Amino acid sequence: MGLRRQIKLGILLSRSGSYSLISEACRSGALAAIAQVNGDPALDLSFVPVERDPGGNIDAYAPLCEEILRDAGARHMVGCVTSWSRKEVIPTVEKYGGTLWYAVPYEGFEASDHVVYTHACPNQHLLPLLDWVMPAHGRRTYLTGSNYIWGWEMNRLARERIMAAGGEVMGERYLPIGSRDVGRMIEEVRFARPDFILNSLIGPSSYEFMAAYRAMGLEDAAFRPDRCPVLSCNVTECELPALGQAAEGLVAAGPYFRGAPGAGNFGSSHEAAAFSAVMELARLLAGREGSETWPLSQLLAGRGGIVDPETHHTVLPVVIARVEGGAFRTLKRWEAVAGDPYLTRSRSIPTPSLRVVS
Amino acid sequence: MKRRAIRIPNLGGAQAIILHRPHPTVQALSRQLTAIGLQVVQTWPELGPEALAADYIFFDADMGHDGMFPWEPGQPPIPMIALIGSEAPGRIEWSLKVGSHAQLLKPVGDGGAYSALLIARDAFDAQKALSAEIADLRRRLQERQTVVRAVTLLAARGKSDAEAYAQLRQMAMAWRISFENAAARIVAAQGGADDRSERR
Numbered sequence: 000m001g002l003r004r005q006i007k008l009g010i011l012l013s014r015s016g017s018y019s020l021i022s023e024a025c026r027s028g029a030l031a032a033i034a035q036v037n038g039d040p041a042l043d044l045s046f047v048p049v050e051r052d053p054g055g056n057i058d059a060y061a062p063l064c065e066e067i068l069r070d071a072g073a074r075h076m077v078g079c080v081t082s083w084s085r086k087e088v089i090p091t092v093e094k095y096g097g098t099l100w101y102a103v104p105y106e107g108f109e110a111s112d113h114v115v116y117t118h119a120c121p122n123q124h125l126l127p128l129l130d131w132v133m134p135a136h137g138r139r140t141y142l143t144g145s146n147y148i149w150g151w152e153m154n155r156l157a158r159e160r161i162m163a164a165g166g167e168v169m170g171e172r173y174l175p176i177g178s179r180d181v182g183r184m185i186e187e188v189r190f191a192r193p194d195f196i197l198n199s200l201i202g203p204s205s206y207e208f209m210a211a212y213r214a215m216g217l218e219d220a221a222f223r224p225d226r227c228p229v230l231s232c233n234v235t236e237c238e239l240p241a242l243g244q245a246a247e248g249l250v251a252a253g254p255y256f257r258g259a260p261g262a263g264n265f266g267s268s269h270e271a272a273a274f275s276a277v278m279e280l281a282r283l284l285a286g287r288e289g290s291e292t293w294p295l296s297q298l299l300a301g302r303g304g305i306v307d308p309e310t311h312h313t314v315l316p317v318v319i320a321r322v323e324g325g326a327f328r329t330l331k332r333w334e335a336v337a338g339d340p341y342l343t344r345s346r347s348i349p350t351p352s353l354r355v356v357s
Numbered sequence: 000m001k002r003r004a005i006r007i008p009n010l011g012g013a014q015a016i017i018l019h020r021p022h023p024t025v026q027a028l029s030r031q032l033t034a035i036g037l038q039v040v041q042t043w044p045e046l047g048p049e050a051l052a053a054d055y056i057f058f059d060a061d062m063g064h065d066g067m068f069p070w071e072p073g074q075p076p077i078p079m080i081a082l083i084g085s086e087a088p089g090r091i092e093w094s095l096k097v098g099s100h101a102q103l104l105k106p107v108g109d110g111g112a113y114s115a116l117l118i119a120r121d122a123f124d125a126q127k128a129l130s131a132e133i134a135d136l137r138r139r140l141q142e143r144q145t146v147v148r149a150v151t152l153l154a155a156r157g158k159s160d161a162e163a164y165a166q167l168r169q170m171a172m173a174w175r176i177s178f179e180n181a182a183a184r185i186v187a188a189q190g191g192a193d194d195r196s197e198r199r
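As given, the protein sequences belong to chains A and B, one line each in that order. Residue 101 in numbering that gives the first Met the number 0 sits at position 102 of the first sequence; the count goes up by one each step and never skips. Residue 188 in numbering that gives the first Met the number 0 sits at position 189 of the second sequence; the count goes up by one each step and never skips.
Careful, some of the hints might be misleading.
[Claimed, not checked] Examples of chain B residues lying across from chain A (beta carbon under 10 angstroms, computed): (1) Leu10; (2) Arg30; (3) Gln31; (4) Pro44; (5) Gly47; (6) Leu129; (7) Val147; (8) Ala173; (9) Trp174.
Simulated from the structure, these hints should not be mistaken for laboratory data. Since we're looking at a predicted model, the values are computed, not measured. The beta-carbon is built from N, C-alpha and C at its ideal position, and this holds for glycine as well.
Given only the sequences and the hints, what does the whole structure look like? Please build it.
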């Protein structure tokens with residue numbers, strides 16, 4: 000074997016700002032995979048990371064993405080945490096024929112030709128979580144979220160599913176990203192007395208909400224997690240240190256929790272999803288000279304693997320787990336669920352097409 | 000008027016027909032629709048009878064002409080989405096005339112199909128609901144004269160107009176028929192002519 004191909008790999012993650020813990024988890028997963036690829040003598044390629052840090056500033060994403068793809072000449076990059084930033088970079092990624100490997104749970108309803116989604120979408124997090132919670136705790140909910148598409152769309156879908164199940168939405172409220180102003184939400188929850196709370200807040204808003212909710216539970220048993228649990232599709236181990244005691248009893252859904260059997264030894268599902276993104280990219284590029292310049296569709300064609308060539312989503316385990324003693328303990332687990340971003344492939348109820356032709 | 004809630008259609012396995020000559024735009028659009036979960040058929044230069052079993056039509060607004068569609072011009076039985084390349088007034092006018100419910104600009108790239116599907120479905124449903132409502136209002140307008148006559152006949156027995164009107168409403172409820180049909184029954188019973196040109 001000749002010289003190893005040196006392939007640039009962009010990393011576009013905010014190492015400061017309100018969701019930096021998630022960025023750091025993705026970053027360690029990506030760097031661990033790069034180290035493993037670069038140390039593998041059986042591979043004919045090495046990844047050269049090209050890192051850019053938008054610092055949590057939404058307007059820095061597109062220009063830095065352009066630096067990675069145009070100036071540095073990379074075709075693939077791992078990055079983005081919020082859906083807002085992902086949607087900001089997609090036009091640039093499309094313009095330069097690049098591919099974004101996105102390793103964070105998101106709200107679905109997207110299947111870009113230039114993005115691979117290696118973390119979960121709603122049929123892999125929210126819907127199984129609702130299916131678990133309603134029989135166990137009841138169907139009256141309070142919905143919270145950060146004021147952008149993740150919170151909005153998660154709560155829209157939750158409302159649709161809960162109403163269809165005959166449940167009730169007692170309240171729905173949003174906070175700007177970074178805001179710690181949770182007082183009104185907490186007061187509303189106190190009066191609404193729901194059966195469970197869906198928390199789609201991110202970063203400090205979520206930490207503050209969880210701390211205030213724990214304090215309320217110490218005063219009134221109706222708000223203890225065994226009676227009225229908080230659910231999340233975005234909390235993983237990487238944020239447990241920031242949450243501390245307030246995380247106890249939180250129930251989360253995700254593809255991986257620390258200590259899961261036979262799934263490598265990752266700190267969180269963010270780390271696992273970023274790791275598997277880089278490893279899959281290496282597998283697709285290996286032994287195919289020049290493939291680093293191919294479009295994603297060509298790279299995926301006929302190679303099998305974890306990425307569905309139609310939706311660019313992945314088959315993942317679905318795990319529902321509760322924080323107990325500072326770690327997630329599995330409550331329920333499904334082995335392999337295919338990502339269904341438009342909710343058209345699974346769970347769809349076939350209805351006869353009734354049409355009046357007049 | 001409060002807007003009704005959008006109905007998110009069940010798109011899994013729905014059939015879309017793309018009426019456009021083979022072109023990269025067709026490929027890009029097919030990719031999007033397949034990712035969303037639809038079955039896609041491309042056809043050109045006209046729609047066959049299979050169009051009557053489809054759920055959505057995407058049609059070329061640049062090269063299109065009236066004969067492309069197997070139905071009355073402007074009366075599509077399913078939602079239609081115009082694929083517009085040249086934004087010339089004449090072409091836009093034509094795509095509206097054939098009854099398009101939404102549009103997608105060419106060249107089609109990485110996005111746009113999902114919102115076009117939802118907007119077209121919503122516009123189609125709204126149009127259908129409005130047409131039905133208008134037809135119903137028209138019918139009731141035509142029957143208004145019958146109602147006036149029935150009220151006059153009832154009032155001739157010494158009731159006020161308001162009392163006669165209330166009585167007619169009660170009769171309709173008791174007979175479990177519409178207000179207008181009750182009026183027609185009163186008029187007929189009195190040997191009067193029924194003004195309704197069409198009965199349903």
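We went through each hint and held it up to the structure:
1. A least Cβ separation of about 5 angstroms between B/Leu10 and chain A falls short of the 10 angstroms threshold, and the interface hint therefore holds.
2. Here the hint on B/Arg30 is kept, as its CB sits about 6 angstroms from the closest CB of chain A, short of 10 angstroms.
3. Checking B/Gln31 against chain A by beta carbon gives a least distance of about 7 angstroms; that is within 10 angstroms, so the hint holds.
4. This hint is violated: B/Pro44 has a C-beta 23 angstroms from the nearest C-beta of chain A, more than the 10 angstroms allowed.
5. At about 16 angstroms, the closest approach between the beta carbon of B/Gly47 and any beta carbon in chain A exceeds 10 angstroms, and the interface hint on this residue is violated.
6. The beta carbon of B/Leu129 is not positioned within 10 angstroms of any beta carbon in chain A (closest approach about 15 angstroms), and the interface hint is therefore violated.
7. About 32 angstroms separates the beta-carbon of B/Val147 from the nearest beta-carbon of chain A, more than 10 angstroms, and the hint is not met.
8. A least Cβ separation of about 32 angstroms between B/Ala173 and chain A goes past the 10 angstroms threshold, and the interface hint is therefore violated.
9. Interface hint at B/Trp174: violated, since its Cβ lies 29 angstroms from the closest Cβ of chain A, which is beyond the 10 angstroms cut-off.
Checked against the numbered hints given earlier, the structure breaks hints 4, 5, 6, 7, 8 and 9 and satisfies all the rest.
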